[in-house]
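Once you've looked at the hints, dock chain B against the given chain A.
Protein sequences, first through last, are from chains A and B. Residues 2 to 303 in the working numbering are what the first sequence spells out, letter by letter. Residues 2 to 303 in the working numbering are what the second sequence spells out, letter by letter.
Worth double-checking, as some hints may not be accurate.
If several chains are the same, the list does not tell them apart, and a pair holds so long as it fits within one copy or across any two.
Said to hold, decoys possible - List time: in silico DSS-like cross-link candidates among lysine-lysine, alpha-carbon distance up to 30 angstroms:
#, residue 1, residue 2
1, K51, K96
2, K276, K49
3, K276, K85
4, K31, K299
5, K96, K113
6, K93, K113
7, K4, K18
8, K51, K18
9, K299, K49
10, K276, K238
11, K104, K120
12, K31, K88
13, K164, K193
14, K154, K290
15, K18, K85
16, K18, K299
17, K47, K276
18, K245, K104
19, K245, K85
20, K31, K179
21, K120, K96
22, K245, K286
23, K153, K93
24, K218, K104
25, K4, K88
In case anyone wonders, no lab produced these hints; they're calculated from the structure.
2 protein chains.
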Amino acid sequence: MMKLTILGSCSAYPTIKRFTSSQILENNGKSYLIDCGEGTQIQLRKNKIKFNTIEHIFISHLHGDHYFGLPGLILTFNLLGREKPLKIYGPKGIKEIITTLMKKGNTWTNYKLEIIELKNIIPEIILNTTNFSVTTIPLTHGVYTNGFLFRKKTITHKLIIDKAIELGIDKTQYAGIKLGKDGVTENGKIIKNRELVEPLVPDITYAFCSDTIFDRKIIQQIRNCDLLYHESTFLKKHENFATKTLHSTAEQAGIIANESNAKKLILGHFSSRYKDLNLFLEEAKTKFKNVDLALENKFFII
Amino acid sequence: MMKLTILGSCSAYPTIKRFTSSQILENNGKSYLIDCGEGTQIQLRKNKIKFNTIEHIFISHLHGDHYFGLPGLILTFNLLGREKPLKIYGPKGIKEIITTLMKKGNTWTNYKLEIIELKNIIPEIILNTTNFSVTTIPLTHGVYTNGFLFRKKTITHKLIIDKAIELGIDKTQYAGIKLGKDGVTENGKIIKNRELVEPLVPDITYAFCSDTIFDRKIIQQIRNCDLLYHESTFLKKHENFATKTLHSTAEQAGIIANESNAKKLILGHFSSRYKDLNLFLEEAKTKFKNVDLALENKFFII
Numbered sequence: 002m003m004k005l006t007i008l009g010s011c012s013a014y015p016t017i018k019r020f021t022s023s024q025i026l027e028n029n030g031k032s033y034l035i036d037c038g039e040g041t042q043i044q045l046r047k048n049k050i051k052f053n054t055i056e057h058i059f060i061s062h063l064h065g066d067h068y069f070g071l072p073g074l075i076l077t078f079n080l081l082g083r084e085k086p087l088k089i090y091g092p093k094g095i096k097e098i099i100t101t102l103m104k105k106g107n108t109w110t111n112y113k114l115e116i117i118e119l120k121n122i123i124p125e126i127i128l129n130t131t132n133f134s135v136t137t138i139p140l141t142h143g144v145y146t147n148g149f150l151f152r153k154k155t156i157t158h159k160l161i162i163d164k165a166i167e168l169g170i171d172k173t174q175y176a177g178i179k180l181g182k183d184g185v186t187e188n189g190k191i192i193k194n195r196e197l198v199e200p201l202v203p204d205i206t207y208a209f210c211s212d213t214i215f216d217r218k219i220i221q222q223i224r225n226c227d228l229l230y231h232e233s234t235f236l237k238k239h240e241n242f243a244t245k246t247l248h249s250t251a252e253q254a255g256i257i258a259n260e261s262n263a264k265k266l267i268l269g270h271f272s273s274r275y276k277d278l279n280l281f282l283e284e285a286k287t288k289f290k291n292v293d294l295a296l297e298n299k300f301f302i303i
Numbered sequence: 002m003m004k005l006t007i008l009g010s011c012s013a014y015p016t017i018k019r020f021t022s023s024q025i026l027e028n029n030g031k032s033y034l035i036d037c038g039e040g041t042q043i044q045l046r047k048n049k050i051k052f053n054t055i056e057h058i059f060i061s062h063l064h065g066d067h068y069f070g071l072p073g074l075i076l077t078f079n080l081l082g083r084e085k086p087l088k089i090y091g092p093k094g095i096k097e098i099i100t101t102l103m104k105k106g107n108t109w110t111n112y113k114l115e116i117i118e119l120k121n122i123i124p125e126i127i128l129n130t131t132n133f134s135v136t137t138i139p140l141t142h143g144v145y146t147n148g149f150l151f152r153k154k155t156i157t158h159k160l161i162i163d164k165a166i167e168l169g170i171d172k173t174q175y176a177g178i179k180l181g182k183d184g185v186t187e188n189g190k191i192i193k194n195r196e197l198v199e200p201l202v203p204d205i206t207y208a209f210c211s212d213t214i215f216d217r218k219i220i221q222q223i224r225n226c227d228l229l230y231h232e233s234t235f236l237k238k239h240e241n242f243a244t245k246t247l248h249s250t251a252e253q254a255g256i257i258a259n260e261s262n263a264k265k266l267i268l269g270h271f272s273s274r275y276k277d278l279n280l281f282l283e284e285a286k287t288k289f290k291n292v293d294l295a296l297e298n299k300f301f302i303i
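In isolation and in its complexed conformation, chain A is listed as follows (with noise of 0.2 angstroms):
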């Protein structure tokens, strides 16, 4: 399981009531921030995410709606006595970014501050641990841009221990067969690992598409998602703009969500002449039924 916080969908700027692109993720007591606008700590802290949880920042691209609350943030973060290192992934140029605005401010931070760039235009994986990854989803939108598929990954098979207590199976033995082992009984018989263990549960995904023109190209990586964050910038009203400014609207969401087979799909990057948010929830609903508004401080268990 792990739990996705909106914490800015609109696009722009924000206002008194809204706030723009970004989110966490969280994961067995980790935190995953993805994009960071202008008042993410503000957000944060509404929120009530623990800061120190926070151990890495995935920036989509370098519009400010996406990463102006960044500097901020990393200053935040030193100024609480933060020891834990950061590292933050984003487009070729965000480290020139934040070392000019240290050294005009002659500061630098006490924990280790670690910027890995990103250039690469095919999916790359930039984080893998044992039990969860992060993939890019390279995006186009006029500037360099990721999207990014973070990964849950089942390592474990989970045992019928019952079984095991009836079959006479030592719990010396348990950690092996969970990782795929045969068992052996007392009596020396070979037990097969599919009778002890339920089947592996599927992997969980979260693919997060902001902001984009709509392309067919990324279904391919992001099939099957559990849950997919798509960018709907505009109507289809107004889908020239969409094609115009590089982004998307919300029935071509809809498709991308239809077509890659999302267990569900959430809609955000709202443009701020839009009064009505509903009609990007019914426009969508024409091509895909299980869809919901990123708004600020909803969560969705995935």
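Below, chain B without anything else, positioned relative to chain A:
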């Protein structure tokens, strides 16, 4: 009359209820933005300041809590279709910061953006019109820092209109009399200007002093100001922190207000370690009576 609204006054980082340094001074239909911490554009909306009335922005220094809201505000102005030019006054280095951010995002403003870099270490008049001026107040704070002295100039005398009518002075002379000329009656008798006008009201001045160590050398420049904002990051019991970090205490702010003969003092930039801000008031009052806290969304008529 001028109106000063506090948009943010906490030090270091914003929280759910507090914002970092930013103030707006309104005079004669124009708004002057002083510092621009993260979230300033949200606070401008909350306080119903019309974005288009802002033509001048003054940045005291390049610590993040005083300008990390500036890049977003510049771009928001652009997205809202601004055509009016914008002038930004800030320390040398601010132009490189803004241009770096713009270049990496592959964007620029459609309106004229003029960045005036300051590097003088003696007071400098940086804006001067017939009825308004802004002068830097060089401060000592580790990085190059300026306060700003805002002056609403009194340029015309107020005509005693009943007397002018009584003496039979023609209306065509009124404009000249307001500027200091003598009047002439229908009979050709000269009436001294001082008999036709009320005494000149003194200029109205607002002195913004943040961030700074306790330094009496600013007193001469801000003497007799109508309103003084002086930072008070710490209480006297932490004066050693103030000295170390080149900040001031509430008592020291009170001393500056007292010795400069300010009419009123407002305090801000409080360290987040203090929960009871009334302690700042009490401490400053031991040195200067007319003192208030510069809290978010409060305004002061000068």
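Where does the structure disagree with the numbered hints, that is, which hint numbers, in rising order?
none
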